[in-house]
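Protein chains in written order, with our numbering: chain A, 1 to 345; chain B, 1 to 345; chain C, 1 to 345; chain D, 1 to 345.
Derived from the structure by calculation, the hints contain no laboratory data. Predicted, not measured: the structure shown is a model, and the values here were computed from it. Nothing false has been slipped in among the hints.
What follows is a set of in silico ranges between Cβ atoms, one per label pair, in the way DEER data are often shown:
{"#": "1", "chain 1": "B", "residue 1": "D85", "chain 2": "A", "residue 2": "C187", "range": "36 to 42 Å"}
{"#": "2", "chain 1": "B", "residue 1": "E25", "chain 2": "C", "residue 2": "A129", "range": "56 to 62 Å"}
{"#": "3", "chain 1": "C", "residue 1": "P279", "chain 2": "D", "residue 2": "A302", "range": "51 to 57 Å"}
Selected chain C positions facing chain D (in silico; Cβ < 8 Å):
{"#": "4", "residue": "R77"}
{"#": "5", "residue": "H78"}
{"#": "6", "residue": "S94"}
{"#": "7", "residue": "V125"}
{"#": "8", "residue": "F130"}
{"#": "9", "residue": "E316"}
A short list of chain B residues far from chain C (calculated; beta carbon distances all over 10 Å):
{"#": "10", "residue": "L124"}
{"#": "11", "residue": "E127"}
{"#": "12", "residue": "A129"}
{"#": "13", "residue": "S161"}
{"#": "14", "residue": "L163"}
{"#": "15", "residue": "K165"}
{"#": "16", "residue": "C187"}
{"#": "17", "residue": "L223"}
{"#": "18", "residue": "P279"}
{"#": "19", "residue": "W313"}
{"#": "20", "residue": "K315"}
Using N, Cα and C, we set each Cβ at its ideal position, and we do this for glycine too.
Protein chains: 4
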Amino acid sequence: MTHEVYLASDNWAPAHPLIVQSVIEANEGDAPAYGADPWTLQAEKLIQDTFRAPCKVLFVPTGTGANILALMLACQRHESVLCTDSAHIQYQESGAAEALVGCKLLTVPHRNGKITPQEIRRKLVSERAFGKHSTAPRVISVAQSTEVGTVYTLEELKQLSQLCKEEKLLLHIDGSRLYNAAAALGCGLHELVEAAHADLLSLGGTKNGLLGAEALVLLNPALEKGADHLQKQALQLLSKMRYLSAQYIPFFKEKLWQLLAEQANLRAQEIASFFLEFPQLVLSYPVETNQLFFTAPEATIAAIQEKIRCHLWDKEKRELRFIASWNTSQEEVAAVKRILSGICL
Amino acid sequence: MTHEVYLASDNWAPAHPLIVQSVIEANEGDAPAYGADPWTLQAEKLIQDTFRAPCKVLFVPTGTGANILALMLACQRHESVLCTDSAHIQYQESGAAEALVGCKLLTVPHRNGKITPQEIRRKLVSERAFGKHSTAPRVISVAQSTEVGTVYTLEELKQLSQLCKEEKLLLHIDGSRLYNAAAALGCGLHELVEAAHADLLSLGGTKNGLLGAEALVLLNPALEKGADHLQKQALQLLSKMRYLSAQYIPFFKEKLWQLLAEQANLRAQEIASFFLEFPQLVLSYPVETNQLFFTAPEATIAAIQEKIRCHLWDKEKRELRFIASWNTSQEEVAAVKRILSGICL
Amino acid sequence: MTHEVYLASDNWAPAHPLIVQSVIEANEGDAPAYGADPWTLQAEKLIQDTFRAPCKVLFVPTGTGANILALMLACQRHESVLCTDSAHIQYQESGAAEALVGCKLLTVPHRNGKITPQEIRRKLVSERAFGKHSTAPRVISVAQSTEVGTVYTLEELKQLSQLCKEEKLLLHIDGSRLYNAAAALGCGLHELVEAAHADLLSLGGTKNGLLGAEALVLLNPALEKGADHLQKQALQLLSKMRYLSAQYIPFFKEKLWQLLAEQANLRAQEIASFFLEFPQLVLSYPVETNQLFFTAPEATIAAIQEKIRCHLWDKEKRELRFIASWNTSQEEVAAVKRILSGICL
Amino acid sequence: MTHEVYLASDNWAPAHPLIVQSVIEANEGDAPAYGADPWTLQAEKLIQDTFRAPCKVLFVPTGTGANILALMLACQRHESVLCTDSAHIQYQESGAAEALVGCKLLTVPHRNGKITPQEIRRKLVSERAFGKHSTAPRVISVAQSTEVGTVYTLEELKQLSQLCKEEKLLLHIDGSRLYNAAAALGCGLHELVEAAHADLLSLGGTKNGLLGAEALVLLNPALEKGADHLQKQALQLLSKMRYLSAQYIPFFKEKLWQLLAEQANLRAQEIASFFLEFPQLVLSYPVETNQLFFTAPEATIAAIQEKIRCHLWDKEKRELRFIASWNTSQEEVAAVKRILSGICL
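For reference, chain A alone in the conformation it holds in the complex (with noise of 0.2 Å):
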C-alpha cells in the first residue's frame, strides 16, 4: 500500500466493527444450515421491515450473484432486458447475463448515467418490430445510485414505473449503491421501491460497511416461484448462511445504513467542492453521492494517479474515477485537497 490516499473503490473499504461484531455473536453453538437459521429469520424480517412489504430476502455472496438471480427469475429464455450501455450488468459482470440467463440484454445510451423513457420506447419499437424474429422485452434494470454516483429521482422513478405499466415489463433495481441513493435524496430505503413499483431489487450491503452480503429482495410476489432452487443452481446458496445475514442485523435494526452511506456522500462532496478551484479538472457528471467521475489532461492524470489511489475509469477520454466510502476520513479528504492543489495549481 504505496499511496496517500485510497478512492479506488468502496470494496477497498473494511467492514464496520458493529458488523463484525455481529458476525461474531452468531458464531454461538449449531445452526440450521442454507438459512434456516434465527439471524437469517431476523434480517429478513427486518429488511421486510425497512421496505414496508411482505417481501422475500434471497442473501447472496456478490451483487452480480444477486443481479442474475434476478434476471433468472424474470426472463424466459426468448425475453429481453432493457438497460443502459453503462449498467454493472452490461458492462461489468463478465457475461453473466447472457452465459448463465441467457437473455439479451438491449442496451440504450445513458444519459448522465440514467437510462430515458425516450430511448427505452425507441428501442421497444425496433425491437417488436419483427416479432417472433427479435426478443421480447421483459425488464428494465436500472441501477440506483447509478454506475456513475447520479441518482433516480422519486419523479423520475415513477415514470420509469407508469412506463413498465404500460409496456407490461417488470423493474429490476441494481442496488448495490441503494443507501448512498437514498441518503442523497434524504428519503427511506422504502420510498425508493415504491416509486419505481419495483418487481425485484439488488440490495448491496458489501459497498456500504459489510465484510460481505447482498441479497435479493422480489417485491413482486408472483416472481417467487423457483426462487428457492435458483439460488442454490445459481451457486448464491451458502450453507452457513448466518455468517451473511448476521452482518444487516445491526445494519438495519440500528439504521447503520444510514449513517455509512451519509458520510461516504459528504466525503465525496467534500472532494467535489474543491473541483471549483481547478478548472483542468471538469466533472463528468454531477457528483450526488459517493463518486466522482473527472476528465483531466493526461500529465494531471497521472499525478494524481501516483498519490491517490484510484481508478482510470476510461483512458481514451483520461476520465479518473473517485469513491468515498464510509471509511474515507476528514483527514483523507484534506489529503486529496493539497495533493490536488499541488498538482493543479
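Guided by the hints, dock chains B, C and D onto chain A, whose structure is given.
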C-alpha cells in the same frame, strides 16, 4: 396473394427448377443417413473446390443455425463477438447467440451496414479495460453482403483481416447473401474469404434459389474440434442429409449461384434506376446488391405497400425494403416502374 | 453401396413419390416465408383434424429439434425431465437437453424400452427428498413407439396420464415413430395422445417416408407462450417453410402415414417370424413395430453384418438392430431369410 | 434448538475461534478488491505449499460454486462428466451442472459411494458407441471423502489416474471433505492429489471449521485459460476477497485443518463403536470419516429423530445420517450413547 409485385424477400421466391431436379435425382434407394451419403460428399467437394481450400463443410437447415454453430465453435464461455447493431445475429435471431451460445454480442454502430476498424478498436479498448470483469473479445462477425445490401470491398476485407491478426481475433462471415456480394464485385467466392482470411463462413443458399439449405464452412482447421457433435447438439444435423446437400450440386457444378445472384442484383439495379425520377423516394444506402432500402412520405409508403408486397423496415424512419430475387422478372420490374410513377408523379 | 439388403435405419429410406410430388407442387411462385404460406396452414389444419384438437403446430427440420423445443416450452430452469436410460433425448441427442435447455434428465431403467410408473414414483421420491438442493421434476418424456421398437398400450398411456395428473407433471411424447405405434395398435393417432393426455408431441415424418420434416404439436395451450420466438431461437424456423409443411399434406390427407407404417411393421414381422428357426438369434424385445433387436454369437454377428447393412447396437451384448422401412421390399425380406439361413443353419 | 444432540451436518457447526480471529485481523484499513490483497496472496501461497504444486487458486463462496467452475474450465460444450449416481454434482446441486455448464453428467452406480474403473469403462463404451450422436466423455469427478463418508485409498486413486491417462480424461476431485479423507488415511493432502494426478480440486473449508470459504485449485495449468473471467461470470468472485481467503491462513499455517478433521473423524468412530451393541442399527457403509449412514426400524428412526437432530437420508430405506463436526464434544458422544441405549435396549 393479392399484390401486383412481390419484393418482400428473396426467401419468398421459389426454388430454381435445376435444384428441384437435383433433389428428385437424390431420391433413389437407400442411402446412409446423417451426411455419409455420396451427394453430401460431392457437395462438400464442390464447395472445397469453389473456395480452393480443404475446408470442412456442415450442411444445415437454417442460416441462423449456421451462424450460431459458428459462434459455438469459435467462442469459449467468457468470450464475446463484435458485430454491428444491425447484424442479423444481433437483431434477428431471437436472442439465439445469448441463449444457445451464451456469448455476449458487443455491438458497434454500422456505417452503411458495415463494421469499421475504428469502431472495433474503440470497443476493444473499452471492453478490455476492465479485464476479468468484462468479456474477452474473440470474434468479429460481418455479413457479406450486409443486412442493408451493401458490400465490403476486397480492400475493406483485407483491413478487417489485418485487424483480426493484430488483435488475435477470429473472423466470421455471415454469407447468407455471399453470392450477391461476389456478383456485385465481379469476383470469385474464394476471393472474398481469402481477402478476409475468414475462419468461419455461414454459406447461404436458400435466398439464392435453393429449396432450403445452408452450410457452415470451417476454413480454419483449428476450429473443427467438436464440430460434428455440436452440429447434432445444435439441432442442425439432418438424418436424410442428401436432400439438403444435393441442392448444392447444380448450384456449384453449373455455377448456378452466379447466374441467379447476378439476375437478382440486376433487377434491383433496374428498380434503383427509377428512383432518380422520384425525389420523394430517398435511398438509405447505395444499392450494391439485390436490396433497396428507402424512405418516403407516409402517404407514399402506404400507397406503395398497397400495390407492392414489401417490408416496412423502420416505421419511425418510414423506411421500406425492396428485395429482388433470382425469380424477379422484367415484367415485375416494369410493373414496379408503373406503380411508382402512378404514386410519385 | 455394397450390401445385399439395407436394414440400417428408416432414415436411410428414400422419400415416397407422393411426398416429392407435393414439394414440387408447392414450388409455385412467391409465397410468404417463415410459415405464413398456404401449404403450412393446410398442413397444420390436417394435423389438427387428425388429432381432433385445436393444437398449435410448429414444423421443424429435425426430430431432435422437436424434442428440445418441447422441453424448452415445458421446463423452467430448475425443473427436470424423467425418461428412460435408453431415451433418445438422453442417449442420442449429443447432450442437447443439457446444453440448450439446461434441464436435468432424470433417468430410470427401462423395461422393454418403456418407463414404468413404479420407477417414476421411486425417482420422484428421491429427487424431491432434498427440496431446493435437487431439481423439481416437471416432465415425463416417453417415446411411442419406443427406441427399441415396443409400444405402450392405450392402458399404459392412461396410467402414465393418471400419474402425471397426480404428481402435477407434464407428458411429452417423442413420436418420431408414432405412426408405427398406431399401426401396431390398430388405433387412430388421436387415440394415442388422448389416452396419454399428452401435453406436447414430437411428431415424426422423416422416418416414415418424408424427405425430411418433423413437427412439434402443442396439445396443452398453456405451453404456447413464447413458442414462436423459441422456434426461431432454437434454430428450427425455416424461411421457406412451405417445402417442409407441404410434405405433410398427402401424408395426412391420403392417410399415407398409415399405409407406410403398416408396410414397415409388416416387413419387420415377416423378418421376426424367421427368427423362430434360428435359436442362436435371440430377440431382445418383442417385435411390435418396425424394429428388431437381437443378440447372436460373435461370428454370426460378423457374418450377418457382411451381407446385411445394419447397426451393431451394443457391442458388449453382441446386439444387432434391424429396421424395416416403408420401402423395404418383399424381395429384401426374402433375401434376409436366405442370408440368415445360410449363416445360421 | 430443541434437540439434545446435533449431528445434522458439519455445515451446522460454528467456525473455529482462530478462523474468526483471522477475519478480524484482516479487517484493517483499505485493501485491493477482487483478490489482489495480501491475505489472498498469502492463502494462495499456503495452499501451493500444502499441495507442493504451483497451482492457481480461486477462492469462492460455495462448494457447489467450486465444482461448477471446475466443470466450466474442464468441459467443452459437447463433453460430459462421469460420476456416481450419489455424487453431489448430480444429486444435490439443483441441476447447476446442466443449467450453467450445459454438460451432461453420465452417472454410474456407486459401490460404497465410490466410482469403479469397471463401471467407468462400461459407460465409456456405451457413450462412445454412437459418436457424434452422444456426448464426448471428458471428466471423471470423484468426491474424496465420498458423499457417504468413505475414502478412496491411494491405490484406488492411482487406478483412476491410470484410467484417465489411458482414456484421455481429466480428473476432478470434489474435496469438500478432503481433510477428513487425509485424516482417515493418515496422509498429507498433497498425497491425495498426487496419487490421483488430479487436474482440478474443489477444496473445502466451510465443513471443517471455517465461517464460509471454499477454493478451486487448478493443478493442471492447461486449464487456467479464462479462469479469472469465469470466476467472475460464475458469480464466484467476491469483491472483499480478503475475508474469504484470510480464513485459510491459520487453517493451513497451523495445520488446523488436520486437528479439526481428526477430531470430527474420531467422534464419528466413537459413535460407530456403539453400533455393535445395537443390532437393529445397521451401518450402510464402513465408517471411515465423520459420517455415519445407518438403517433402522421405523419406530427406532422416529425415536432417534426426536432426541438427535439428524437427517433422514432415505425414507424408503429408513436410513439416517449422522455427521460429526470439529465441534462435536465428548459430552455429545456420551449423550448419543445414552439416547441410543434408551431406544434400542
